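Student: As a plain string of letters, each chain reads:
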Amino acid sequence: MIGRALVHVPPTAKRGEVIEIKAMVAHVMETGYRIGVTGKPIPRDIITQFVCTYNGEVVFRAEFFPAVAANPFLSFFTVATDSGTIAFSWTDQNGTTKVQTAAITVA
Amino acid sequence: MRTAAFIGIAAFLTTLAATLSATVAAEIPLDQRRPDTDFIGADTRAMQNDDTANPGMLAVLDGEALWQEKTGGSGKSCADCHGDAATSMKGVAARYPAFMPELSRPVDLEQRINMSRVADQKSAALPFESKDLLALTAYIANQSRGMPVAVVENAQSKPFIEAGREIFERRQGQLNIACAQCHDDNWGKQLAGNPVPQAMPTGYPIYRLEWQEVGSLQRRMRDCMTAMRAEPYAYGAPQLVDLEFFLLWRARGMKVEAPAVRP
Chain U
131 MIGRALVHVP PTAKRGEVIE IKAMVAHVME TGYRIGVTGK PIPRDIITQF
181 VCTYNGEVVF RAEFFPAVAA NPFLSFFTVA TDSGTIAFSW TDQNGTTKVQ
231 TAAITVA
Chain V
4 MRTAAFIGIA AFLTTLAATL SATVAAEIPL DQRRPDTDFI GADTRAMQND
54 DTANPGMLAV LDGEALWQEK TGGSGKSCAD CHGDAATSMK GVAARYPAFM
104 PELSRPVDLE QRINMSRVAD QKSAALPFES KDLLALTAYI ANQSRGMPVA
154 VVENAQSKPF IEAGREIFER RQGQLNIACA QCHDDNWGKQ LAGNPVPQAM
204 PTGYPIYRLE WQEVGSLQRR MRDCMTAMRA EPYAYGAPQL VDLEFFLLWR
254 ARGMKVEAPA VRP
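Those protein sequences? They're chains U and V, same order as listed. Each residue of the first sequence is one higher than the last, beginning at 131 in our numbering. Each residue of the second sequence is one higher than the last, beginning at 4 in our numbering.
In silico PhoX-like pairs for lysine-lysine, Cα to Cα no more than 25 Å straight-line:
hint : chain 1 : residue 1 : chain 2 : residue 2
1    : V       : K258      : V       : K93
2    : V       : K79       : V       : K93
3    : V       : K73       : V       : K134
4    : V       : K79       : V       : K134
5    : U       : K170      : V       : K134
6    : U       : K228      : V       : K134
One-sided excerpt, in silico: chain V residues whose CB lies under 8 Å from chain U:
hint : residue
7    : T55
8    : A56
9    : Q215
10   : E216
Treat the hints as calculated values from the structure; they're not laboratory data. From a predicted model like this one, the values you see are computed outputs, not experimental measurements. All C-beta atoms, glycine included, are put in the ideal place defined by N, C-alpha and C.
Chain U on its own, in the form it takes in the complex (with noise of 0.2 Å):
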């Protein structure tokens, strides 16, 4: 299950400027390799992608795999062009998405 999610976005910026943008979501990236105490593998449980757009376009995404720590983040740079959304969205390997969403005022 996707947990909570704690996105970091500047709220204002100047046109061209580059801005930091950081990404954080509650997950337990089990990696299905650990045994449990019944001796049975804990089943995978994993997101596998990120994706990050900018008004609709994408301008950061990533493929997570078994080796990514629990409650993955992410920081990236991108170039502030506009104001309008930063949409973050992550899927599990079940095809479950959250998105998740940040505002940005460009001048």
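Position chain V against the provided structure of chain U, taking the given hints into account.
Tutor: Okay, now just chain V, sitting in the frame of chain U:
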């Protein structure tokens, strides 16, 4: 000749006394205390100090939601009685563990939350280390961030703080070592490649990278006991609460930094 021999013996005795006292745990002077955050790597510290990178904040957000959630036979949420946690819970976590007159003994913050859940919300107590209990604890502890640890030491609480000290200074387990031998006598040195902190638990519940999740001070102390090859006390055991009480008393006046990040 006689004087020289006397001086020789006196010097020997002084050295012996110094050696003996060195084997007895010496409490860290108040001005030499340092937060455990000083002993972690710069990357981990940066993660802790940035609320958008600190994974413990995910638990705080969960706790914020639980604070508003109505539960139990009373149909009330924490917020229905306590209002805005930012004001009502400010400084509360800094005073725990605290002596409860009705129980004639101290409880830690987790136990105090459960007391309110059972008595006021008429709900079931949350299990130790459950996600919800850790989330509520992290949320409440976060309201005291930056405030000094202020556990109350008085005639009623003193015996429990002293009981905690006794456990801290007692040799235990197959390795036959005491908590104090690492955390009082050898802090700052390396243990298996990691610096030994002073065990000033100001940031609990913590997000521990090794655990990949948030955990309580009781869990951390139980881990230490396992490492000493001692039988850890059960969650909620009075001994663990006494030990927590002593450790927070020892860290009195230091700043609360919950939720801290540890390697």
